[in-house]
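J.: Start from chain A and add chain B according to the hints.
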Amino acid sequence: MGKESFQIGITGEIIAVEYLTQKGLSVIDRNFHSQQGEIDIIAKDGDIIVFVEVKYYSFRSYGSPLGSVRKSKRQSIIHAAQTFLYKKNLRQINCRFDVISIYRDSGGKTNIDYIKDAFYVN
Amino acid sequence: MLIKLKSSALNGLDGSIVEVEVDSYKGLPGQSIVGLPDTSVRESRDRVKFAIINSGFDFPPGYFTINLAPGDIRKEGPLYDLPIAVGILSSSEQIKSDLFDETVLLGELSLNGDVRPIAGVLPICISAKKSGIKKIIVSKENADEAALVSGLDIFAVNSLKETIDLLNGNSTLAPHKIDLLKFFNTSPDFDFDFSEVKGQQHAKRAIEIAAAGGHNILMIGPPGSGKTMLAKRIPSIMPPLTIDEALEVTKLYSVTGLLNEKNSLITKRPFRTPHHTTSNIGIIGGGRIPRPGEVSLAHHGILFLDEFPEFERDVLEVMRQPLEDGKVTISRAMATITFPAEFMLVATMNPCPCGNFMDKVNPCVCPPYKIQKYWSKLSRPLLDRIDLHIEVPRLKKDDLFTLPNGDNSKIIRDRVQKARKVQELRFKNTNIHSNSRMLPKMMREYCRLETEAEEILKSAIYHLKLSGRSYDRVLKVARTIADLDDSEIIKAGHIAEAAQYRSLDAKGADLSV
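Chains A and B supply the protein sequences, listed in that same order. FYI, full-length UniProt numbering numbers position 48 of the first sequence as 48, with every residue one higher than the one before it. FYI, full-length UniProt numbering numbers position 439 of the second sequence as 439, with every residue one higher than the one before it.
Chain A extracted, bound-state conformation (with noise of 0.2 Å):
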């Protein structure tokens, strides 16, 4: 991954944050990795672990933001929730995905999309 494509990443992270701390959830982690894949943010709502995925497009693209979490990402973020979720000892919780689409318009202000309980697993 490129030096610019990283910070671009951040920067969509940092608005996300903001966004569902506004919305009362509150962040417990980021970047969390496991071997087979990897979560933008993890964050509490009320009972509920939340695993985030974030898009972040700095131009309008194409297409719902779900639509490139595709099949072998969503897998992969299962796969990190499950590590997560046996790492921290966190048994009979629930959980949801979500995924939170930001993009810039060509009038330079931000979109934000954002989707509840996007997936779920098989």
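None of these hints come from the bench; they were simulated from the model. Just so we're clear, the structure is a prediction, and the values are computed from it rather than from any experiment. Be aware that a few hints might be false.
As the list claims (entries may be wrong) - Chain B regions said to be covered by chain A (calculated; three or more residues, Cβ under 8 Å): (1) 32 to 42; (2) 194 to 206.
What the hints assert, rightly or not - Derived DSSO-like pairs (lysine-lysine); straight-line CA-CA distance at most 30 Å: (3) B:LYS428 x B:LYS129; (4) A:LYS44 x B:LYS26; (5) A:LYS23 x A:LYS73; (6) B:LYS26 x A:LYS71; (7) A:LYS116 x B:LYS129; (8) B:LYS49 x A:LYS73; (9) B:LYS96 x A:LYS116; (10) B:LYS26 x A:LYS88; (11) A:LYS23 x B:LYS232; (12) B:LYS198 x B:LYS421; (13) B:LYS421 x B:LYS465; (14) B:LYS232 x B:LYS360; (15) B:LYS397 x B:LYS418; (16) A:LYS23 x B:LYS49; (17) B:LYS198 x B:LYS135; (18) A:LYS71 x B:LYS428; (19) A:LYS116 x A:LYS88; (20) B:LYS232 x B:LYS377; (21) B:LYS410 x B:LYS232; (22) B:LYS26 x A:LYS87; (23) B:LYS96 x B:LYS198; (24) A:LYS23 x B:LYS26; (25) A:LYS44 x B:LYS49; (26) A:LYS73 x B:LYS26; (27) B:LYS441 x B:LYS360; (28) A:LYS116 x B:LYS26; (29) A:LYS116 x B:LYS49; (30) B:LYS198 x B:LYS327; (31) B:LYS428 x B:LYS441.
As the list claims (entries may be wrong) - Just some of the chain B residues that point at chain A, by a computed CB distance under 10 Å: (32) LEU28; (33) PRO29; (34) LYS49; (35) ILE53.
Here a beta-carbon is modelled for each residue, glycine too, at the ideal position from N, C-alpha and C.
T.: Frame of chain A, contents of chain B only:
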């Protein structure tokens, strides 16, 4: 929380209760459906999710396991959407109901939460009643069909929301009722009438006999002589279905998914006209999980095969067994199912490929081998099973203007019905409805002949080279003719008329060799 609800599975024409168990644990979100579901059942989880959300409820978090018990019956079709959705909402305590034990839920869900109709509601309701179910929740479109079964409370719902209100006790929805007799009290209304056919008295008489006794009939004639016209008018002289027959036929249409809201009970005798390109599976029924074919959809009605020899030979031969037994048993890896198939076969054909063989006006242009090939499609065993063979000659050009119209359908139907009444009395307490289905021991009892009639029959056997089976058929047809004549004993005239309808036994053999 573990929730148990009831739904149903179809196996041929019988339903059986399926228990839908829903439970969840806290963890990564997901769903799995177990209990031998097929693809359409597996797909239900996506429909269910959106139906719940779009009905204004929360899709609860957690991992859901849905078990369809018993686990050794294959479940197919989208009918489990509604019980699964209700189960998921109940396990997250958004529905609280104590009706689950005595209620069967059936219905497909659309993404916006509407309940859609499913196939096979009638047989499911019949078997649900037998297993002690009190209430059925179905879509509005299926409600009439479900209400045909008396002694059940049928609740017709439009949407998942209405179902939930009903189960939560927040609804004033009354059980759906229909008046079964209303379906039968309407006077029969047909598009065609026999008085529209000029001349052809001989053919009309044969058709009347066929209708009166449920006999199979084959009409042979040049193009344009009125074969198809005659055949299309046969429904107008058939006696109306009894309630029991109507329910039997409706069951078959229900599992095939051919019923709709306006037409939830079949009250007219079926008239099936499959095209001659239909495959043998299409005729007999089949599929991975067997479905009724044309012979079963024509149960208690008419199977009309226009251009008989144009059908594939295989297709014609597969009909031999149902023609004899009145039912078909279809075996597949998944299931073995028996469908009833008591139909009256009406077939038409030309005497040769060009159609003009033996016609006095237009000469036939077919070389003999083509005529032979044409006829060889019809095997002797098949022709044996057709009780009446009649020739429908071309009318002379003046006949179209001068010949009388003959009796209209109503008059003929009254005669047919009278003959059917006699048969009904004869076969009461058996599951036989017409002379054509008589068993051998019944024939000995009911087909008593005059001495003179016996002589005629003997000479007919000799001259027409009748096989054992066609001998039986002659007797049955003679019995029907006697019934039309209101005669207890079969007289010489009856046998003579019946025997002349076997003309093809002698001539057909000559034509084909």
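J.: Please go over all the hints and tell whether each is borne out by the structure.
T.: Taking the hints in turn, this is what the structure says about them:
| no. | hint | in the structure |
| --- | --- | --- |
| 1 | 32 to 42 | violated (count 1) |
| 2 | 194 to 206 | violated (count 0) |
| 3 | B:LYS428 x B:LYS129 | holds, 27 Å |
| 4 | A:LYS44 x B:LYS26 | holds, 15 Å |
| 5 | A:LYS23 x A:LYS73 | holds, 25 Å |
| 6 | B:LYS26 x A:LYS71 | holds, 23 Å |
| 7 | A:LYS116 x B:LYS129 | violated, 43 Å |
| 8 | B:LYS49 x A:LYS73 | holds, 22 Å |
| 9 | B:LYS96 x A:LYS116 | holds, 27 Å |
| 10 | B:LYS26 x A:LYS88 | holds, 16 Å |
| 11 | A:LYS23 x B:LYS232 | violated, 71 Å |
| 12 | B:LYS198 x B:LYS421 | holds, 29 Å |
| 13 | B:LYS421 x B:LYS465 | violated, 33 Å |
| 14 | B:LYS232 x B:LYS360 | holds, 26 Å |
| 15 | B:LYS397 x B:LYS418 | violated, 36 Å |
| 16 | A:LYS23 x B:LYS49 | holds, 24 Å |
| 17 | B:LYS198 x B:LYS135 | violated, 55 Å |
| 18 | A:LYS71 x B:LYS428 | violated, 66 Å |
| 19 | A:LYS116 x A:LYS88 | holds, 23 Å |
| 20 | B:LYS232 x B:LYS377 | holds, 24 Å |
| 21 | B:LYS410 x B:LYS232 | holds, 15 Å |
| 22 | B:LYS26 x A:LYS87 | holds, 17 Å |
| 23 | B:LYS96 x B:LYS198 | violated, 69 Å |
| 24 | A:LYS23 x B:LYS26 | holds, 23 Å |
| 25 | A:LYS44 x B:LYS49 | holds, 23 Å |
| 26 | A:LYS73 x B:LYS26 | holds, 23 Å |
| 27 | B:LYS441 x B:LYS360 | violated, 45 Å |
| 28 | A:LYS116 x B:LYS26 | holds, 18 Å |
| 29 | A:LYS116 x B:LYS49 | holds, 13 Å |
| 30 | B:LYS198 x B:LYS327 | violated, 37 Å |
| 31 | B:LYS428 x B:LYS441 | holds, 15 Å |
| 32 | LEU28 | holds, 5 Å |
| 33 | PRO29 | holds, 4 Å |
| 34 | LYS49 | holds, 9 Å |
| 35 | ILE53 | holds, 9 Å |
Hint check: violations occur at hints 1, 2, 7, 11, 13, 15, 17, 18, 23, 27 and 30; the rest are consistent with the structure.
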